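Participant: Go by the hints and put chain F with the ligands onto chain W.
Each chain, letter by letter, is given below.
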Amino acid sequence: MVDTRDLLARLLDEKKLSYCQDCGSCTGSCPMAKALPGRYNPRRLLQRVSNDLPELLRSEELWLCAWCYRCTERCPQGIQPTEIFLLTRNLASSEGMIPRNPKTIMRQIMKSGRSVNVPEDFDEWREGYGLPPIGATISPKAIEEQRKIFGEELLRRLEA
Amino acid sequence: MSEYLLYPGCVASVRELGYEMSMRAVFKRLDIGLRQRDDFNCCMPACLVHSVDYTRGLALTSRNLAIAEEEDLPLMTLCSSCFGNLSRAKYLLDSNDDLRRDVNRLLGEVGREYRGKARVEHVVTTLYKDYGPKGVKEMSAKPLKGLRAAPFYGCHLFLPQRYSGFDDADFPQKLDRLIEATGAESVDYHEKTSCCIGCGSFFGEVSEEAGLKLAENILDDVKASGADAVVATCPFCMMQLEVGQIKLREAKGKEYGIPVIHYVDAFGLSLGADSAELGLDVRRISVSPLLEKLGRN
Ligand code: SF4
Ligand code: SF4
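Residue numbers (the numbering used here), protein chains in the order written: chain W, 424 to 583; chain F, 465 to 761.
Bound-form chain W, shown alone (with noise of 0.2 angstroms):
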């Protein structure tokens, strides 16, 4: 299997991050940092990557980038600091650090193959409004593959 760590390592090694000219265009067009000014700031994310890193891992900066892709798209070095960031949060996923919100939500679609809960009555609810059903799950056999490919070790790491 590809390590994640090399996929980031490349990742960062193709655009080396000294690249990086601190023009701030990344944070220019991040509206995570136009809604939280000071507390995210992608360019300065993207630097702790590689000077900060185990601080980093236990920090809740690293799960704010909504994966707009607009730094990604402007950066004029080619950096790709959405990708940079999906990569590093599996470092810190594979010590056992995933956030409450996000591990009750994969929870969720690990049960049922969706990220929303359907109540049991929901396809009554929908045939109200002339719409065919979609079951309060997707099919149990759907539901077996896709905890199958997700593997053991990290359904025991939601559960965590």
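Since the hints were derived computationally from the structure, they do not count as laboratory data.
Only a predicted model underlies this, so the values are computations on that prediction, with no experimental measurement involved.
Note that beta-carbon positions come from the ideal geometry of N, C-alpha and C, so glycine has one too.
One or more of the hints may lead you astray.
As the list claims (entries may be wrong) - Cβ-to-Cβ under 7 angstroms is the rule here; a few derived chain F residues that face chain W:
#1 C474
#2 V478
#3 D503
#4 L512
#5 Y555
Facilitator: For chain F with the ligands alone, coordinates are given in the frame of chain W:
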């Protein structure tokens, strides 16, 4: 008759039933077939599942692509977030042989394979590709004359360019053109291409706070533009801008009263469908002002 494999997604089919009703009504009028399956799994938001395990996350997203290949039909999503996740998976697997090998090893354990043939579309990319502004205009039986519409692009329909490829990444235009083809005016405003973070932030209080702040920026700007309604492309954006209005009324006493519709709603109205057919009464924010303006029911 053309046919698509419908990828319903969680948000549209559970939280935005009015949009799904409208989409089905419009596709029925257009005589486009929608094949369905009961075994798609969640698109596995990259910001959640791929954040926990990149390769297994990709394999789970790609399981849906493998199913689409089995059916040999283009996969059409209702949601821009599903579109973004599926397009991203396709791009990454098509451009990285190592990842593709690993993903296929995982898919092989459940008897599936991604072959690189899947096509990913979205309701709006489908309408643009199959009809385009010209086709929409020709079909417009009841043009939306006098309606001032504020297009809201969302993110994943056009960002990043390399995954989606649908529109210009800096100044997208296609939704504007589609809106104009219905006879409505497409209003220009600063927040037109901004982000609502609805599909990308699941962090509890901080996400709520940031989401509301962004919704307020967007809604203030729409209001200032004098538009009669927001025309969105994604059920997540719709929800953020609808729920945002409700919360801002509670928290700050702000009364926006701005209908938030999807592009298929505008298209359906221009085709001559009425509000019951389009599920326009199944919305969090009343669409009446828009209908009144058009003199429609
Ligand atoms: S992808 Fe993340 S860091 Fe980049 S602009 Fe969007 S929210 Fe900000
Ligand atoms: S946009 Fe690119 S070059 Fe500019 S500060 Fe951000 S990462 Fe560095």
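Participant: To test your reading of the hints: which numbers does this structure violate?
Facilitator: 5
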